[in-house]
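Counting in our numbering, the sequence shown tops out at residue 980, every number present.
Read the hints as simulated data drawn from the structure, not as lab findings.
As the structure is a computational prediction, the values presented were derived from the model and not from experiment.
Be careful, since some hints might not be right.
[What the hints assert, rightly or not] With a Cα cut of at most 27 Å, we get these calculated DSSO-like pairs of lysine-lysine:
1) K965 with K876
2) K965 with K920
3) K862 with K921
4) K812 with K876
5) K836 with K823
[Claimed, not checked] Label pairs and their computed distance ranges (CB to CB):
6) D978 with E929: 14 to 22 Å
7) D892 with T844: 14 to 22 Å
8) L974 with E911: 17 to 25 Å
9) H842 with E963: 17 to 25 Å
10) R966 with K836: 36 to 44 Å
11) E977 with M890: 15 to 23 Å
12) F816 with R967: 26 to 34 Å
13) F816 with K876: 16 to 24 Å
14) V979 with K836: 38 to 46 Å
15) V979 with R861: 31 to 39 Å
16) N830 with G887: 16 to 24 Å
17) E815 with E882: 33 to 41 Å
Note that the Cβ used here is the ideal one computed from N, Cα and C, for glycine as well.
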Amino acid sequence: MKKLTEFLRAELKKPLGKIANTEEAIKAVARVHSTGGLVVSVGDSCSWELVRKGAYPDIIVYDHLCKRAPVEEQLRAGLDMYDGEGVVVKNPAGFITKELEEAIKRTLENKKGKILVDGEEDLGALPVLINAPIGTLVVYGQPDVGIVLVEVTEEKRRQALDIYLSMEDVG
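Work out the full structure, taking the sequences as your base and the hints as a guide.
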């Protein structure tokens, strides 16, 4: 299991990709899907925005929370009903558990599904970036900033891996 350090917490306040509004995110999803690429969305609000507007991610990772507060019932129900095989994993705030990592790897292999995190999903974008195929679009929410779009490249994979390897090993 990996634990976020205070230094990395500050580092991760910087987006790993391009800040976008909803319309830009929808166009990016359409572009990636038109080439047969994979789209992974991490976070309740950004996942729901995409689903609500018809820009369907192949995989969603969510936790029924937004800024650590429970999400609205419509959003909760919409994500729970979202198409794809679902799995529930435990992952406390500030950590990446082996359980979350394995669920992400399996779901990426299947190229479709949803992962409901009991705890917090915020750091889930890191194992997605490390394990997703090159060209995958990773969409995540940056609180009080907007939607972040990251296309998986060797450079972005290395950046995510460097952050991951800098996290503290625990338990």
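Contradicted hints - numbers only: 10, 11, 12
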